[in-house]
Structures are given as structure tokens and as C-alpha cells.
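Protein chains: 2
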Amino acid sequence: MRTLFHMWLDPFSRKARVVLGEKGLEFTLRLEATWERREAFLALNPACTVPVLVEEDGTALSGSSVICEYLDEAHPDPPLIGEGVLDRAEVRRLVLWFDRKFQAEVTKNLVGEKMIKRLRGGGEPDSAAVRAGHANLHVHLSYIAYLLEHRDWLAGDRPTLADMAAAAHLSSVDYLGDVPWSDHPAAKDWYARMKSRPSFRPILNDLIPGAPPPKHYADPDF
Amino acid sequence: MRTLFHMWLDPFSRKARVVLGEKGLEFTLRLEATWERREAFLALNPACTVPVLVEEDGTALSGSSVICEYLDEAHPDPPLIGEGVLDRAEVRRLVLWFDRKFQAEVTKNLVGEKMIKRLRGGGEPDSAAVRAGHANLHVHLSYIAYLLEHRDWLAGDRPTLADMAAAAHLSSVDYLGDVPWSDHPAAKDWYARMKSRPSFRPILNDLIPGAPPPKHYADPDF
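The listed protein sequences derive, respectively, from chains A and B. Residue 1 is where the first sequence starts when you use our numbering, and the numbers rise one by one after that. Residue 1 is where the second sequence starts when you use our numbering, and the numbers rise one by one after that.
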């Protein structure tokens, strides 16, 4: 059976899970605490990051962008990176936007400080980082609304990897109850559509022991 | 004319330049000090990073991975990301290795501290970061040698985007004279082959005013 190594609230693992779901591919999920630097895991991925996808024949793929490009090439239906060359560039631009910029400005400041530090046993959240994360989140939610003014989905008229990347990050932040949805109705409407996709449901069922999500978290009508 | 916005010693800009060269595509190079947040540049790339590629018709592409995937799709000859699905995953894994891991562990600590800070007017290098950069560099040069034990080029029997990413980062560090080539003969031999490629020559001719490179820098027989 195909296996995906992941970590709770890791947006990159979540993105890979949603892509596997969209492609209709079955897989087993395995939790990996990368900070323990387990030797058998290092043999799969010397960079020691999640997600890592291990195919049935033992082939290991690491890095969410590598995994997602690979899955879209190996299982082209449905295409998640778009069709035309420029459409594909726009999808990849937005994926990068969320995986680099949103990650550095929001996810790291909120999920990293408030949850990952705790999981790793790394001390108290840095309150300046948390404040920055909250402020930056408004800018990104407005950017999502801006994109949706002329598009049904972030990169065009169909859901793509761009929506999956964005929703993966937002879902991690939303687990903490930190997304000000009521201030951003257009982003909320789009996220409700993402939440109701069958590929997205399993993510919303993750439960971190001792740290349950807010009530609205898994509800598509929130 | 196609235009590439870049910054001196930025490995991501260098990678895009080499890819344009390998594809035989002409372009004009424009220096962009992203930290000045020039309004016309922000309109091209709201993330305000280099490289940005502007095509003749005004289409702007930003992010080196977006640009390189786009160029390889729009101009498939020669293919730089490999042919088979798994070959392509291996190329992308290594590109990510250098663009994320080498960048964080080496380039940022050496080029970032010693040169970019100076260009931005941001103060003295952090000596702990510089020491870490030097130590990490040995590990990465050994990893390159390890890859080359069974391969002519980093990802297989042909030069790919993986070689271009790795050589782009190393060339930036080498501009500072900080690469201990004599300790790493296999990596040195591979880099000499990269240096002698016509696509790579223009990079080695960059000159930062007031900060010339060491003598061996542009010489393929170093």
C-alpha cells in the first residue's frame, strides 16, 4: 500500500493528502515526528522533512512540490496544475505564494509558534511573531478575495493545486481558531467550497491529543 | 525583447539565466533592488522577489521554480527536468535540496551575511551564521561527491536543472572565495564542467562594483 508520512497541521503534508484524494489514490497515513530524526526515515528522505510519499514498490518521493508534480504527471486525471503553459505557471505561482510567502508570514508565526513548538517541546510562543501572523493573515485573506473577484477558484475556473495549497495552510491556522472568517466573506465562501470536497474531509478529522479544534473547524457550514 | 529582472549573486536569478541560456533564448538582464519595493516592479510581482521574467508580450512570470518549469514546457528542447516521471521527481528533489536546504544552510549564511546585507545597507555579518555556513558547505560538497559516484551529473547521465540549481548557489558562494574546492575534488571537477558551459559563462562575468571576485572565479581551469 502507498504510504504518506505526515505531521499534524503541516500544510505541506495536507496539500499532498488532498492531491492524493483528488486523484482517487488510496494510501496509508503515518505520523512522523521529523525532529526525532529517525534513522529509517532519514534513509527515505535525507532532508528529513514531511511529506514523504512511498509507493508500493518502495520508491520514495519527498518534498510536497515534488510529490504533487509527480502525482499530476503519473495520474493526470483530473489535471490539478492546469492545461496551458501559462495557466500552469499561474497555478505554480500561487502555490509558491502560499507555500513560501503565506508560510513565512502566517503559518510559521501562528501554527509554528502556537502548536509546533509545543509538539516539539520547544517553549512558549513568541508573542511578536503571533501578532505579526494575525496582521499578515488579513492581507492574505484580502488577496484571496481579490483573486476571486474575477475567478471561481484561485487560479481560474477550476479547482487546482493553488486552491489546495491555500486551503491546506488556512486549515492549519483554522485548527487554532485563528482565521477571522467573518471579516472576509469571499474567502470564507471559497473555503467552504474547499471544505465540502471529499478530498478535503479527512484532513478536517485530524485530532491532536489534548488540543481539539474549535467547533466550526470541520463544519462546511461555518 | 524578453527581460529578466535579477540581483547580483542571487542564486535563483542565476539558475533562471542558465536555463534561458541552455534553451538558446535571448533576453535582456535588468538589475532590481527588491528591497526598494519599486512600484512598477511590484505590479509585475506582488511578492517582490527576483527573478521575474517578462515575455515580449508583457506576460510576467515570477519565482525561479515557476520560470524554470515554464521555460521547460514552452521550450522543451533540450529537456532540463528529465524524461520519465521518476527521473523528473529526482531532478525536482535535488533542485529543492539546493534551493531550500543549501540556501538556508549555506547561501543565506555566507552570501546573505557577507554580501546581501552590505548591498541592502543592513549592517555587519553575523559571525556565528558565517561559521555555520562554512561548516554546512563541507557537508553539501560531500553530498555532491556522493551523487557523482554513480552518475555523470547530479541527477543522472545528462545535465539537468539540478546541476543548474546547485551550480548557481555554488557560484554565488564562490564569488566570495568561500568554497574549499581543494578539499572536494569530485565536486570541483563537476563544477569545472558546469563553468565551461556557454550558458554559464555570462554569470561568471557579473561584477559587483567595489567587490571583485577572486582570480579563480571565472576560470574553468581553477
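Note that these hints are calculated values from the structure, not bench results. Ideal placement from N, C-alpha and C gives every residue a C-beta, glycine not left out. Treat each hint with caution, since some may be false.
Stated by the list, open to error - Partial selection, computed: residues in chain B whose CB lies under 7 angstroms from chain A:
1) R38
2) L42
3) L61
4) Y70
5) K101
Legend entry - Cut-off 7 angstroms, beta-carbon criterion: hint that K101 of chain B touches chain A: At 6 angstroms from the nearest chain A Cβ, K101 of chain B passes the 7 angstroms test, so the hint holds.
Inset, instruction - Using 7 angstroms as the Cβ threshold, decide whether R38 of chain B counts as touching chain A. - result: The hint is violated - R38 of chain B has no Cβ within 7 angstroms of chain A, the shortest such distance being about 18 angstroms.
Inset, instruction - Let me know if the C-beta of Y70 of chain B comes in closer than 7 angstroms to any C-beta of chain A, holds or violated. - result: Check passed: Cβ of Y70 of chain B comes within 4 angstroms of chain A, closer than 7 angstroms.
Inset, instruction - Answer holds if the nearest beta-carbon of chain A is closer than 7 angstroms to that of L42 of chain B; otherwise answer violated. - result: 13 angstroms, violated
Legend entry - Restraint check, 7 angstroms cut-off on beta carbons, for L61 of chain B near chain A: 5 angstroms, holds
Checked against the numbered hints above, the structure breaks hints 1, 2 and satisfies the rest.
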